[in-house]
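S.K.: The chain contents come next:
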Amino acid sequence: MTAVAEGSIELGTIAQAEAEQFLYREARLADAHDYDGWEALWTDDAIYWVPAGGESAEDPNTQVSVLFDNRSRIGTRIRQLKSGKRHSQTPKSNVVHQITNVEVLGLQENGDTEVVASLLAVESRERGTTFWAGRVEYRLRRVDTDQGSELRLAFKKVTLVDRDQPLYTLSFLI
Amino acid sequence: MTSLDEAVGSKYDALIQSDRVHGSLYTDPEIFAEEMAKIYYTTWVYVGHESEVPEPNDYVVKPFGPQSVILSRAKDGSIHLLQNRCAHRANLVCDAPKGNSTAFRCQYHGWTYANDGELLGFPYKKGYEGADRSQLGLGKVPRVESYQGFVFGSFATEGPSLTEHLGDAAGEIDRLVRLSPTGKIKLTAGWLKHKAKANWKMLLENETDGYHPQFVHSSVFAAADSGIGALYSDNADAVSRDLGGGHTENDLRPEFRRLGNVMGWFGTTEDKVPNYVAKMRELHGEKADEILIEGSPHLMVFPNLFIAEIQIFVIQPLAVDETVQHVTAIQFEDGEEMNRRLLQQTIGSVGPAGFLLADDSEMYERNQRGVQARNPEWLVINRGANRERVDENGHLIGYNTDEVPIRAIWKHYKTLMEK
Ligand code: FES
Ligand SMILES: [Fe+2]
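The listed protein sequences derive, respectively, from chains A and B. Under this note's numbering, residues 1 to 174 are what the first sequence spells out, in order. Under this note's numbering, residues 175 to 593 are what the second sequence spells out, in order.
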């Protein structure tokens, strides 16, 4: 698979600028705790994944992950956050996601565009300030909606740099 | 008894009373140091599971109190707990989290040890003429015993056996392993390591606190349509129990028996896991349904092993206000149909992002801030003291929401700390 800097009609990849805009928007909705807006970004077959240490990043079906949500579990997570009784998000963490090193890698077999980036999310709550850093893999898909064609998120995997070490509670949307 | 011993005894008499405990027990670094000496480096502590080192020469580094030890299986199959510290000048002998090796070599000056801890050799040995190698092996946890594959270690060279230590908690471990179609479980699904700024006893007390789920976990009971909440109400038939030796449990069986649903304890029905249920019926005959109705224990083995029905938690105290909770999904040998479900339920509920444990952890940390307060300095632990009773095995029991387990933990803690 070759890296494609600009969107190519033939290949069907998404252009760098459009991909970046989408990642920034996702990050902004998460920072703003706009739960409905964030949830609406996902496709029906979505996977939202934060591997733990060891072999977890290779094999989510036999190894525990910090988070391995299919679409229905993303929904449960959002309902829990919206209940007002998700104590670990009451009050909500102050978070800023920084997304850098965005690269459009190319197409998946199913036509999704694979994008990678670096993440630094800084979280502040009464416990203190916590840095969450890692590599992020995204799969973006263009879908037809009533509003026309839009991008959706089919897959997001956040591989934390310190995933082998003990982690504090991670209950905001990373 | 010397007068110093009396002074120590009276200190804990003052701090631990039948209906309340003092906040400094969670904040005083001197008490923490004393706990490490008198609890973690004296009594039996859970370290790892035999399934983590299935083959000869397998090893895995595991937490033991604030440090880590190497859990190794030697060539002859015997299990050892080795200090990960070179006998020469204290460097690290094993820098991998796990592996398979007959020997460990310290990278500082090359001393080499067998996987049972014995010194195999040192480079340029002429400089060590006459040295007694038998005195230069790796430090070992002197007593190592297993129960149903659960490996425990004790730094005390003498004392009660593991069986004596476990007492009636052993029967609850039996109840877990009999849910496997081969009678054996595996802890092979990797570990989540969840850190909290809280004293380790906040976790210990929380594990069998049947009073909190309705409040702390109401968000997930609503969001996921979970039936767990009902087990921890004042109307449930489930009971809380003091098993002796600081071991405690929430015994959910009376409630599951009343409901009478095969696999109800796992929140499912037998048609979802037909192969598993068939295997269990083949193995246990008429008794299978009872086993599959009663389900798995919710058991806290003092001081650091929590069996939460389908997960194993290991509490690791790091400092007076810092603790790591290690957790994995229980897997059944020959239980593929169950194992994926056990794994997925575990990922959903526990660890740093878990629907349940993220909020428990928030509570540990809020508690830790709370105990810094002055006036009141006490934590009240007398819920249900008016209605506790003795069961047919001589154990104290109470309603599932009562603080029978918390009082049991402190009673045992006090006997250890006063020694
Ligand atoms: S410290 Fe290990 S060989 Fe010197
Ligand atoms: Fe809880």
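It cannot be assumed that every hint is accurate.
Said to hold, decoys possible - Only pairs whose alpha carbons sit at most 25 Å apart, straight line, appear in this in silico SDA-like list of lysine to any residue:
hint : chain 1 : residue 1 : chain 2 : residue 2
1    : B       : Lys-369   : A       : Arg-141
2    : B       : Lys-446   : A       : His-87
3    : B       : Lys-371   : A       : Arg-28
4    : B       : Lys-369   : A       : His-87
5    : A       : Lys-82    : B       : Ser-335
6    : A       : Lys-157   : B       : Lys-588
7    : B       : Lys-588   : B       : Ser-392
8    : A       : Lys-85    : B       : Ser-392
9    : B       : Lys-272   : B       : Tyr-215
10   : B       : Lys-446   : A       : Val-161
11   : B       : Lys-249   : A       : Pro-60
12   : A       : Lys-157   : A       : Asp-146
No lab work stands behind these hints, which were simulated from the structure alone.
S.K.: Checked against the structure, which of the hints given earlier come out wrong?
M.R.: Violated hints: 1, 2, 3, 5, 6, 7, 10, 11, 12; rest satisfied.
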